[in-house]
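There are 4 protein chains.
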Amino acid sequence: MTTRVGILGATGAVGQRFIQLLENHEGFELACVTASDESAGKSYGDAAKWRVDTPIPDDVADLIVRETSPEAIPDDVDLLFSSLPSGVAAEVEPGLCEAGYVVSSNSSNDRMAADVPLTIPEINPDHLGLIEVQRDERGWDGALIKNPNCSTITMVPTLAALDEFGLERVHVSTLQAVSGAGYSGVTSMEIIDNAVPHIGGEEEKMESESRKLLGSFDGAELSLHDADVAASCNRIPTLDGHLENVFAETTADPDPDEVRDAMAALPGGDLPSSPDPLIHVFGPEDPDRPQPRMDRMRGDGMQIVAGGVRTTAEGVKYNCLAHNTVRGAAGASVLNGELLAAEGWI
Amino acid sequence: MTTRVGILGATGAVGQRFIQLLENHEGFELACVTASDESAGKSYGDAAKWRVDTPIPDDVADLIVRETSPEAIPDDVDLLFSSLPSGVAAEVEPGLCEAGYVVSSNSSNDRMAADVPLTIPEINPDHLGLIEVQRDERGWDGALIKNPNCSTITMVPTLAALDEFGLERVHVSTLQAVSGAGYSGVTSMEIIDNAVPHIGGEEEKMESESRKLLGSFDGAELSLHDADVAASCNRIPTLDGHLENVFAETTADPDPDEVRDAMAALPGGDLPSSPDPLIHVFGPEDPDRPQPRMDRMRGDGMQIVAGGVRTTAEGVKYNCLAHNTVRGAAGASVLNGELLAAEGWI
Amino acid sequence: MTTRVGILGATGAVGQRFIQLLENHEGFELACVTASDESAGKSYGDAAKWRVDTPIPDDVADLIVRETSPEAIPDDVDLLFSSLPSGVAAEVEPGLCEAGYVVSSNSSNDRMAADVPLTIPEINPDHLGLIEVQRDERGWDGALIKNPNCSTITMVPTLAALDEFGLERVHVSTLQAVSGAGYSGVTSMEIIDNAVPHIGGEEEKMESESRKLLGSFDGAELSLHDADVAASCNRIPTLDGHLENVFAETTADPDPDEVRDAMAALPGGDLPSSPDPLIHVFGPEDPDRPQPRMDRMRGDGMQIVAGGVRTTAEGVKYNCLAHNTVRGAAGASVLNGELLAAEGWI
Amino acid sequence: MTTRVGILGATGAVGQRFIQLLENHEGFELACVTASDESAGKSYGDAAKWRVDTPIPDDVADLIVRETSPEAIPDDVDLLFSSLPSGVAAEVEPGLCEAGYVVSSNSSNDRMAADVPLTIPEINPDHLGLIEVQRDERGWDGALIKNPNCSTITMVPTLAALDEFGLERVHVSTLQAVSGAGYSGVTSMEIIDNAVPHIGGEEEKMESESRKLLGSFDGAELSLHDADVAASCNRIPTLDGHLENVFAETTADPDPDEVRDAMAALPGGDLPSSPDPLIHVFGPEDPDRPQPRMDRMRGDGMQIVAGGVRTTAEGVKYNCLAHNTVRGAAGASVLNGELLAAEGWI
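Protein chains in written order, with our numbering: chain A, 1 to 346; chain B, 1001 to 1346; chain C, 2001 to 2346; chain D, 3001 to 3346.
So that you can see chain A by itself, here it is in the shape it has in the complex (with noise of 0.2 Å):
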């Protein structure tokens, strides 16, 4: 039995992603896609400048526009995809909360507020128990449910592996792709022939999201995990995959065979969307491995890459990958609405 959907913002570059992850999903029937005002009216096929690779399904190219409010949406739509501004975000989606639609949503907004769950449903799916202590503190019918920002969510899988051995620091370099900030976000002029060792917002979101996923929810509050972590983030010119060197502390002292060995135990859950295993480990056979191009579309583009676990004076350092528009943005927030269809959040 299937869940009406609809997508807010679906002409973007994210939106985009959503719809071609939702084309033929088991699960979710797309009904309504939403964007700006100008768009609004338009059949979805004029609205957008189509720019995945794949074809645009028929049936969304049809769809009408309709404008980003409680009152345009249908009311059989059950659930709604986030992939808005920020700043338009943080304005409607509470709206639409009250309004009584659950959101799920991959907006940088309200990441960190106490009580909106951030989940990935391989690491903390117990979260959303936080739907509960929103619903008393703001009277919402509906929920936000957020997932994290694309470089958070390549490390912390990792990071949950580590966490058995007691983890206390991190420091983390990124090597993320231009598609991170939107078609036309990064010019070529910019980049060719060059990198940019500075992502605005960006290192404090990897540092603060990390503790927010890896903390423990009682039922009532929830705490962050008390590690320390630092982030480094640089765009270089690849187009897809964000790779990251990661430099772990943990007060037991594991050595790489133990470390790839916990990072490939994580499963990878039984959702529609959900990769099998949650990491894909490479060993010291394949020191030079994960790469953006060879290894972003693993597991449709849904798993996580490690490998190069080496040991240093104090602790463990790897390297791991994410495709940042799959799993670090559309995918990730269809994969938080299949768990909350799946425990009857919906």
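It should be emphasised that the hints constitute simulated quantities derived from the structure, not laboratory data. All residues carry an ideal CB built from backbone N, CA and C; glycine is no exception. Please note that the accuracy of each hint is not assured.
[Claimed, not checked] Examples of chain A residues lying across from chain D (beta carbon under 10 Å, computed): (1) A13; (2) R51; (3) A181; (4) G185; (5) D193; (6) P237; (7) T238; (8) L239.
Place chains B, C and D on chain A using the hints.
Then chains B, C and D, alone, in the frame of chain A:
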């Protein structure tokens, strides 16, 4: 009064940079070039596929390429710059030193040998004193001096500035240009729309060479600096210029202004190829600098460029950059040669 | 009923594409792989550095690599696909044909030989009749069939569509991907932020092969088409997909609609790997297509893509594109093999 | 004795090139910069995001940005260089000319107007005579002079060399750098691992401007050259330097040596920014030149570079290259300004 110099392995990428840097040099006159036996006997213009973006000097094009052996090199040449493959260098450099030549080498062999000076003129010129030890032990009339690896030299001047605060540990991630692997080292299929998180032997070089460069020499013996250094090295699609993210911890906890001041205060020195100052430091108003394409040619490619100084829970993080084939290779050897001449070793 | 096939030169870039295309093929079963003597005797998984973006099939990984000689190939193999270097191919292909094997070869040797069919199944399937001539002249039990060069096959189907208007002359400029030169054929230093207006022998291939493909076969002899063809070939920084600008003149002066209709009307055929239709044509509403990254995988990489049809003073200009290692190499040989099987030559 | 000059639209990519080229200019002193109303009143250093790879001159950084109107420009300024968007230029340039200013403009508006000189100093300096016609017709005290589009100026000098052989027709394909579209004109998502076979309006500019530049002026009227010119324009992933493949036909059939000699024989002129000679010609020993990254800075970016001259059935084919933002934009306007000064129009 000028010194007659030669270049060992003059036809390769670094060899061509040597020729470019020695053109119109105020203190050195290029008198001899050597290469593999196939090239020996040809004119340099015929033997080398010239790929530097300035024309090949006419007088160099006419030089006859010699074999790389003591017999083949004129006696009136006093200083030899070496950019030989490390395997070849390990075989021929000792014989040349024994024959009385002073060799300023960019090759990676013997950099960590206890009696071989590994020097950056602005950082540890006193280590040249090891030449006495070397001559006593090896009975050489000549001498062998090394410059560090390109990824090491990009970072060490900034670490030297931090040492006044009591440097304890360093985590560094590198974003390295393809020219670091030589003209044919990285194929286009390997790196376009991609990044490779592994460069063979590079991390070990950064971790060991840094501690030797920052170590102390008591006139008889050199002791390594006791800071822990852990590196993750990556190749990205840039042509020239290595960008590095550094996480550093010190006993004193300097704030970003103190760190920037310490870096900016390091003198460039007064050798012919010295930059002024050693490090160009970008302030908080330019958080996205340094960038490889924008900053690699500062100080004619001899200056270190730093920026993005921010604090972390236990220390500071910042970014640094240098031109890997100028400051990181040929230019480093030339600067060492200039120091040898200035201090009367030649 | 399936045909047992082998791949000559299976470890290279094109060889790996052959393996990818033959996985789960409905008519062909991969029974044998050959490579250089150093690889012979190893398992394919150990001998090949797998670089295709789909995993290596398990059964192929376990195949033992054989030498490229008649003795080494099992008798029950009926069809051999060749991606040998042309020098090696020129030496071994005749011996294999003499030994009775039918060889569908992508190697450039002998493409213009008077008794060797150079075929594109959708364009000149009748040229296979040359096999009779070839067998008479050479006394072979087997046969040698060639497919054209990647830059030729991208253009010829569009020229075939124009031939009904009386094709007289062609000027073509190519923007070719680096994969056309093999995995290590173009270094990153050569092509990043650059383009190279020369590919050795490429222009001659386009100019001669086009006229043979469009030529007529009277059952005994093949006469070349008399159109003038002049090509300028360039390498640019793209991974896969050759884009070509064509200026064509015909006796009749068709308008753009007629040209688009003629291109779109060419049937794709009904072989297992046939695209449908042969050419995807973009209309005036998409003036910026085809583009390599957006269009190279149409029809699983087997479709020709055309667009930008405009008139000039004496004719028309348009752009065409094809995937150079699929449609332009391995896929072309496989399609020729499928034609040989369908027409009973095997 | 120096001329005081101004730059209209000084904050953009071409505007910054103007500033770079005018620094230390022997005949021109930069006295005024204008930009959009938002920038007016700020110091240039604050108004412009400086992106050129040489530091911004201190005295320019301190200039106060003015509005782009006759009232705002000092009377003692005699020459204005324009890099305004063509729409804005069409509105303001006539008023400035009426107010007595001589405007050397890179903007595309009015290039084909019958009474507006479109000039390349080395090719058609006599076309400046159109200024008299222009002043008669429009009653201006000032004057409006244009330089051609960057893709046109790359090719026309080579066509001028061929004209002695009776130029009849030209087919040209361009491989154009992203900087030609301005700093933000081409997104990285659009061009990495890709090429775009369409640049709006570019082909029409090449086809019409070429015939005007090669046309003849009888003192009263300008007649276009009657050669047919057809262009196909492509954007590729290079930063600077347009590479073009030319197929040309002439009445006389010169061999490659004659063509190379004719190109090499064109004088560079003796203006401050003149290259010497106008065209650097590569011979058959360098078939793979010119290349954008290797050759764009010849003659400080003001030289045209040609090579790869080969014969075709009805003519010749060759490649040419120029730096699109120096020789193809700001440098072209500056050179026109130098010609105006040398010939006493200022």
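Hints, one by one, checked against the model:
1. A13: It holds, given that the least Cβ distance between A13 (chain A) and chain D is near 8 Å, below 10 Å.
2. R51: Holds: closest Cβ of chain D sits about 7 Å from R51 (chain A), inside 10 Å.
3. A181: Interface hint status for A181 (chain A): holds (9 Å vs cutoff 10 Å).
4. G185: This hint holds: G185 (chain A) lies near chain D, its Cβ roughly 8 Å from the closest one there, short of 10 Å.
5. D193: 7 Å, holds
6. P237: Check passed: Cβ of P237 (chain A) comes within 6 Å of chain D, closer than 10 Å.
7. T238: 8 Å, holds
8. L239: 6 Å, holds
Checked against the numbered hints listed earlier, the structure breaks none of them; every hint is satisfied.
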